[in-house]
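Work the whole structure out from these sequences, hints included.
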Amino acid sequence: MNTFFVQKRRQHFLITVIEDLEELKPTLQKVLETKLNGKTLTEKKVFLKPNLGYPKPAPYTTSIPLMKEVVKLFSIIGVKQIIIGEGSTSKSSSLENYRRTGMQEALEGYNVKFIDLGNKESTPVTIGETTHFLPKVLLETNFRISLPVIKLYNDDKGKPFISNAVKNFFGLPPKDKYKSQENSHLRDRLHENFHQSLVEIYFAVKKFAPFDLYICDGLQIFDGITKKEVTIDWGKIIISDDAIEADLKVLELLHKPVPEFLRKLSKKREISNN
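All residue numbers for the sequence shown refer to the numbering used here, where the first residue is 141 and numbers rise by one.
Bear in mind the hints are in silico, worked out from the structure with no lab data behind them.
Treat the hints with caution; some may be incorrect.
[To be verified] Simulated DEER-style distance windows between Cβ atoms:
hint: 1; residue 1: K347; residue 2: E410; range: 13 to 21 Å
hint: 2; residue 1: K196; residue 2: E163; range: 24 to 32 Å
hint: 3; residue 1: H331; residue 2: K196; range: 16 to 24 Å
hint: 4; residue 1: D352; residue 2: P197; range: 24 to 32 Å
hint: 5; residue 1: T266; residue 2: K368; range: 39 to 47 Å
hint: 6; residue 1: G178; residue 2: K347; range: 21 to 29 Å
hint: 7; residue 1: E159; residue 2: K407; range: 29 to 37 Å
hint: 8; residue 1: P166; residue 2: T266; range: 35 to 43 Å
hint: 9; residue 1: L394; residue 2: Q336; range: 20 to 28 Å
hint: 10; residue 1: E392; residue 2: Q321; range: 33 to 41 Å
hint: 11; residue 1: P205; residue 2: T174; range: 31 to 39 Å
hint: 12; residue 1: G298; residue 2: K220; range: 41 to 49 Å
[Unchecked claim] Calculated pairs, DSS-like style, for lysine-lysine (alpha carbon to alpha carbon, straight line, at most 25 Å):
hint: 13; residue 1: K196; residue 2: K376
hint: 14; residue 1: K175; residue 2: K347
hint: 15; residue 1: K184; residue 2: K297
hint: 16; residue 1: K346; residue 2: K319
hint: 17; residue 1: K260; residue 2: K276
hint: 18; residue 1: K319; residue 2: K196
hint: 19; residue 1: K212; residue 2: K165
hint: 20; residue 1: K315; residue 2: K297
In this text, all values refer to a predicted model and were calculated from it rather than measured experimentally.
Even for Gly, the Cβ is constructed at its ideal location relative to N, Cα and C.
Right under this line is the structure:
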């Protein structure tokens, strides 16, 4: 386990790199102690946002062993309820994806409630001159954790892209607010200006209901940058309290270039902190 405390301007960020799944529970316990600073999550509601955009197992979606370890820990802590929420990016619903990946069966017996975010009431959030929509259920929870799976592929311009902490927010907005065609299964509007949408959704989430932790699943990485899709057995888990820093750390470790949306986010944050 390697823990870094990154300081940029007047902000401090925590980043932990775990080399083995067995390290996750004790490491997460220490991270929670640091984040909570004496407070407790007992009898609180915890929201978990995995990547369940497709009815496929890891590395297309967040791995079941990782999710199970996190759910186990919060069950031991004695939280009031664990809410798992996702909005599908495929033709199938997120509830169907939850079942077909085997995650529902794996988490039976735990105090877990699954919510299809595509069916939940949303609230408008204005960022600059743009309005986005986020599910109200986020405000009903006390501690929010994003659990993306790390995926590499090319964006719509053919440039190297990372789907991880920031991109995982795309599963929050309701599809019906972003579909350009009634029969579309995508949030088409978000892809019209893809990188700018990522920036806006990031700030919308931060303004509306910021997430407390990011547990990035790199046990297996999907690599679709080449024409032949491959699975990389990376074996790492990245924990951070900041989505931007989580993405940057993954790119640093994998020796990959920083995509446009992360450059924009880093610049905007630097300007706002001056």
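Do the hints match the structure? See the list:
Against the hinted window of 13 to 21 Å, the Cβ-Cβ separation of K347 and E410 comes to about 18 Å, which satisfies the hint. A hinted range of 24 to 32 Å for the beta carbons of K196 and E163 is consistent with their spacing of about 26 Å. With their beta carbons about 20 Å apart, H331 and K196 fall inside the hinted range of 16 to 24 Å. The hinted window of 24 to 32 Å between D352 and P197 holds, with their beta carbons roughly 27 Å apart.
For the hinted restraint 39 to 47 Å between T266 and K368, the CB-CB distance of approximately 43 Å keeps it satisfied. Taking the beta carbon of each, G178 and K347 are about 27 Å apart, inside 21 to 29 Å as hinted. At about 32 Å, the CB distance of E159 to K407 agrees with the hint of 29 to 37 Å. The given range of 35 to 43 Å is respected by P166 and T266, whose C-beta atoms sit roughly 42 Å from each other.
Take L394 and Q336: their Cβ atoms lie about 24 Å apart, and the range 20 to 28 Å holds. Between E392 and Q321 the CB atoms are about 39 Å apart, so this pair conforms to the stated range of 33 to 41 Å. In this structure, P205 and T174 break the distance hint of 31 to 39 Å, their C-beta atoms being roughly 24 Å apart. Look at G298 against K220: about 47 Å separates their beta carbons, and that is inside 41 to 49 Å.
About 21 Å separates the Cα atoms of K196 and K376, which keeps this hinted pair within 25 Å; it holds. For the given pair, K175 sits about 19 Å from K347 by alpha-carbon distance, which is consistent with the 25 Å threshold. As the CA atoms of K184 and K297 are separated by approximately 43 Å, the hinted pair breaks the 25 Å bound. Proposed proximity of K346 and K319 is supported: the alpha carbons are some 23 Å apart, at most 25 Å.
Between K260 and K276, the direct Cα distance comes to roughly 7 Å. Compliance with the 25 Å bound is thereby established for this hinted pair. Restraint check: the Cα-Cα separation between K319 and K196 comes to about 23 Å, which is no more than 25 Å; the hinted pair holds. Between K212 and K165 the CA atoms are separated by roughly 9 Å; this keeps the pair inside 25 Å, and the hint holds. Proximity of K315 to K297 is assessed by CA-CA distance (about 23 Å); at most 25 Å being required, the pair is judged to hold.
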